[in-house]
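Student: In order, the protein sequences belong to chains W and L. Just so we're aligned: 177 in the working numbering is position 177 of the first sequence, and the numbers increase by one with no gaps anywhere. If you want the working numbering, it's the position in the second sequence, counting the first as 1, plus 252.
Heads up, some of the hints might be wrong.
Said to hold, decoys possible - Here are the simulated BS3-like cross-link-like pairs (lysine-lysine), alpha carbons at most 30 Å apart as the crow flies:
id	chain 1	residue 1	chain 2	residue 2
1	W	K34	L	K291
2	W	K39	L	K400
3	W	K198	L	K307
4	L	K258	L	K392
5	W	K140	L	K479
6	W	K55	L	K477
7	W	K140	L	K449
8	W	K55	L	K479
9	W	K227	W	K39
I should point out that these hints are in silico values taken from the structure, not numbers from a laboratory. Quantities reported herein were computed from a predicted structural model and do not represent experimental measurements.
Protein chains: 2
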Amino acid sequence: MMGKLKVYADRMSQPSRAVLIFCRFNGIDFEEIKVDLSKRHHLSPEFTEVNPLHKVPAILHGNFNLFESHAILVYLSSAFPGVADHWYPTDVFRRVKINSVLDWHHSNLRYGAVNYVSNTVLGPALGRPLNPEAAAEAEKVLLSSLSKLEDIWLNGDGHFLLGGFQPSIADLSLVCELTQLEVLDEKDRDRILFPYKKVLQWIEDTRTATNPHFEEVHNILYRAKKKFQQQRSRVAKTGTETNNVMERHSKM
Amino acid sequence: MMGKLKVYADRMSQPSRAVLIFCRFNGIDFEEIKVDLSKRHHLSPEFTEVNPLHKVPAILHGNFNLFESHAILVYLSSAFPGVADHWYPTDVFRRVKINSVLDWHHSNLRYGAVNYVSNTVLGPALGRPLNPEAAAEAEKVLLSSLSKLEDIWLNGDGHFLLGGFQPSIADLSLVCELTQLEVLDEKDRDRILFPYKKVLQWIEDTRTATNPHFEEVHNILYRAKKKFQQQRSRVAKTGTETNNVMERHSKM
């Protein structure tokens with residue numbers, strides 16, 4: 001007996017959301033432990049025991065600790081017999097193709113999305129300044145990644161990555177990355193995503209396939225989106241904004 | 253029957269070297285197909301069929317194509333029965349810990365090492381200018397990654413990552429990343445690596461464990477190192493250097 005699974009997560013973090021949705025969808029019995037990044041809980045001694053690298057998500061299953069969301073999703077797919085095969089197939093050819101997408105994710109879609117969002121919107125809430133040059137460079141990587149999703153990874157028979165007819169852990173991980181774009185100004189988000197019709201359909205299909213869990217776990221993001229919107233209209237009216245005001249209104 | 257494995261590689265690329273060393277060490281029967289990045293062979297129609305993302309390494313095994321070096325190493329460990337278990341253990345707990353290191357690799361050690369080397373030495377040979385600001389930012393990530401290797405990933409009983417007594421695919425992949433630092437000015441390389449005694453010992457142990465293949469596959473890098481050294485002393489003597497001169501002497 002391993003004991004009950006503990007998932008250390010902040011729902012404002014996209015890989016945290018992917019792991020939480022996965023556990024809930026697959027009926028895994030787990031306890032969610034909130035690690036509030038904005039309150040620096042990831043630096044606490046308790047969490048350092050679970051992940052000395054101070055990143056969410058991380059899990060503790062009995063004495064076994066693990067971090068890095070892709071590795072966690074692989075572990076959960078392997079260790080919990082109730083998880084359907086399509087999430088991480090036992091067939092080695094299908095399995096390593098999923099590994100290939102997940103490996104690609106890191107320096108492409110994730111790099112582009114994280115750096116774009118944090119340099120256009122999120123930075124000040126996490127105590128970092130916005131950097132327009134870094135945002136421009138991240139946008140290039142993000143757009144190139146979206147076009148590779150559209151033309152290569154979603155270029156198959158089914159609606160999911162690699163032509164799958166049911167979602168894999170790669171679909172969940174990459175779609176959760178893209179939902180982070182919700183916090184952008186709506187026009188900006190549309191400008192970025194609108195040209196990629198297959199990507200938009202795939203986000204929708206993955207959401208539908210994992211609801212109601214997908215929506216429930218994303219609620220915090222939709223609330224943050226509203227706050228950022230209100231903030232933007234206040235700035236538009238007064239024509240000014242300071243970091244202090246930004247921080248007061250962006251506690252997540 | 254899958255037919256003979258084809259490995260598409262440029263030995264100047266560190267993940268290419270990891271896959272080649274792995275195949276040779278494990279007695280896998282394969283054909284090495286050179287994709288010369290400096291001659292833009294990665295954009296050829298033949299290679300695009302194997303990897304539409306135009307990156308090395310990639311493999312073709314019968315009709316099955318695969319790219320991303322970590323996924324390739326997982327595939328080779330699973331598909332070739334002669335590969336010893338320590339490379340990618342069947343035990344799920346040991347296996348996903350290796351996944352965790354490999355996932356960490358992308359945005360940490362790889363990001364730092366690749367961007368530092370390409371912005372201090374390699375850039376012009378690949379048609380990109382050197383960028384001192386980007387080099388400084390990459391150096392921070394590289395040093396932080398080295399300190400995490402030293403204090404966390406190499407903090408176990410054995411000499412290898414995660415306390416292993418024999419190397420895994422993660423050891424090979426990460427050590428090949430670090431050998432890229434050979435092309436740096438020797439003083440600069442020593443300055444970066446010298447404080448990390450466990451890391452230095454681990455590079456040596458991984459090399460010893462996989463020789464003579466490790467050295468043979470790295471020969472091209474040692475030759476490139478000499479060329480860059482000669483170039484640097486010429487610059488030191490004449491006090492000047494142009495991109496043209498740099499390019500003329502750095503064909504690899």
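Student: Enumerate the violated hints, using their earlier numbering and listing them in ascending order.
Tutor: Hints 1, 4, 5, 6, 7, 8 contradicted; others consistent.
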